[in-house]
Amino acid sequence: EVQLLESGGGLVQPGGSLRLSCVASGFTFSSYAMSWVRQAPGTGLEWVLGISASGTYTYKADSDSGRFAISRDNSKNTLYLHMNSLRSEDTAVYYCAKGCSGVDCYLGNFDYWGQGALVTVSS
Amino acid sequence: IVMTQSPLFLPVTPGEPASISCRSSQSLLHSNGYNYLDWYLQKPGQSPQLLIYLGSNRASGVPDRFSGSGSGTDFTLKISRVEAEDVGIYYCMQGRRTPPSFGQGTRLEIK
Chain A
1 EVQLLESGGG LVQPGGSLRL SCVASGFTFS SYAMSWVRQA PGTGLEWVLG ISASGTYTYK
61 ADSDSGRFAI SRDNSKNTLY LHMNSLRSED TAVYYCAKGC SGVDCYLGNF DYWGQGALVT
121 VSS
Chain B
124 IVMTQSPLFL PVTPGEPASI SCRSSQSLLH SNGYNYLDWY LQKPGQSPQL LIYLGSNRAS
184 GVPDRFSGSG SGTDFTLKIS RVEAEDVGIY YCMQGRRTPP SFGQGTRLEI K
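Heads up: the sequence lines are chains A and B, in that order. Start counting the first sequence at 1; every next residue gets the next number (this note's numbering). Start counting the second sequence at 124; every next residue gets the next number (this note's numbering).
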């Protein structure tokens with residue numbers, strides 16, 4: 001059974017940092033692209049960052065401020081989201097999502113999602 | 124790429140069909156012939172779940188009353204006969220260009 005278990009969420013002051021982890025099981029983690037998707041309270045879904053199966057390539061929006069970074073440790077079946085200079089507008093539930101593998105893989109086809117980690121940025 | 128869904132609110136009688144439209148500001152058709160368009164459902168209090176990928180492929184375990192169609196910039200999710208368990212918010216998402224982007228969501232409610 002595929003499982004994605006996020007941890008590391010919590011309350012952090014504006015300007016602070018936090019690292020989220022997502023431990024994967026039930027599939028060959030090193031073969032699949034992964035992404036982080038967030039959802040601010042009462043709003044829709046927003047893709048945050050993505051990473052290739054090997055970790056060689058990371059994907060972000062052109063407008064990305066560089067405050068967040070994605071990484072993975074395939075030896076530990078773990079995905080990370082490193083968040084710096086946090087702002088109140090970063091308050092959200094952060095989901096890790098399993099992507100696809102293979103030649104026609106794209107940043108989508110998120111077939112499994114974690115339960116989410118709540119990050120609250122407030123003084 | 125901007126994704127626009129309609130309607131945003133969809134009240135449906137059980138057993139009746141339902142349809143959600145999703146339009147993209149740019150074509151989602153890749154040269155390989157695939158449309159990089161997914162549909163997700165977020166049931167109340169749950170994480171999103173994949174319904175349809177590459178425009179028209181049902182994800183594993185998704186009932187066959189769900190179907191996806193369309194190409195280029197216009198896509199549709201259809202539910203042939205709505206059941207009570209189908210309530211939630213439906214999102215389309217494009218994966219053709221980085222960053223992937225979601226529609227605003229369509230809230231399906233049972234009448």
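Keep in mind that the hints were calculated from the coordinates and are not lab data. Treat the hints with care, as some may be off.
Label-pair restraints from in silico Cβ distances [as the list claims (entries may be wrong)]:
id : chain 1 : residue 1 : chain 2 : residue 2 : range
1  : A       : Gly-42    : B       : Leu-133   : 29 to 39 Å
2  : B       : Pro-186   : A       : Gly-102   : 30 to 40 Å
3  : B       : Glu-206   : A       : Leu-118   : 29 to 39 Å
4  : A       : Ser-123   : B       : Asp-197   : 41 to 51 Å
5  : A       : Thr-56    : B       : Glu-206   : 19 to 29 Å
Pulled a few chain A residues facing chain B out of the computed Cβ check, cut under 7 Å [said to hold, decoys possible]:
id : residue
6  : Glu-1
7  : Gly-42
8  : Tyr-57
9  : Phe-68
10 : Cys-105
11 : Gly-108
12 : Gly-116
13 : Leu-118
14 : Ser-122
15 : Ser-123
These stretches of chain B come out as covered by chain A in the derived footprint (C-beta under 8 Å, 3 or more residues) [claimed, not checked]:
id : segment
16 : 140-148
17 : 173-180
18 : 184-190
Just so you know, even glycine gets a beta-carbon here, dropped at the ideal spot from N, CA and C.
Hints, one by one, checked against the model:
no.	hint	verdict
1	A/Gly-42 to B/Leu-133: 29 to 39 Å	violated, 19 Å
2	B/Pro-186 to A/Gly-102: 30 to 40 Å	violated, 26 Å
3	B/Glu-206 to A/Leu-118: 29 to 39 Å	holds, 30 Å
4	A/Ser-123 to B/Asp-197: 41 to 51 Å	holds, 46 Å
5	A/Thr-56 to B/Glu-206: 19 to 29 Å	violated, 43 Å
6	Glu-1	violated, 12 Å
7	Gly-42	violated, 11 Å
8	Tyr-57	violated, 11 Å
9	Phe-68	violated, 12 Å
10	Cys-105	violated, 9 Å
11	Gly-108	holds, 3 Å
12	Gly-116	holds, 6 Å
13	Leu-118	violated, 13 Å
14	Ser-122	violated, 23 Å
15	Ser-123	violated, 29 Å
16	140-148	violated (count 0)
17	173-180	holds (count 3)
18	184-190	violated (count 0)
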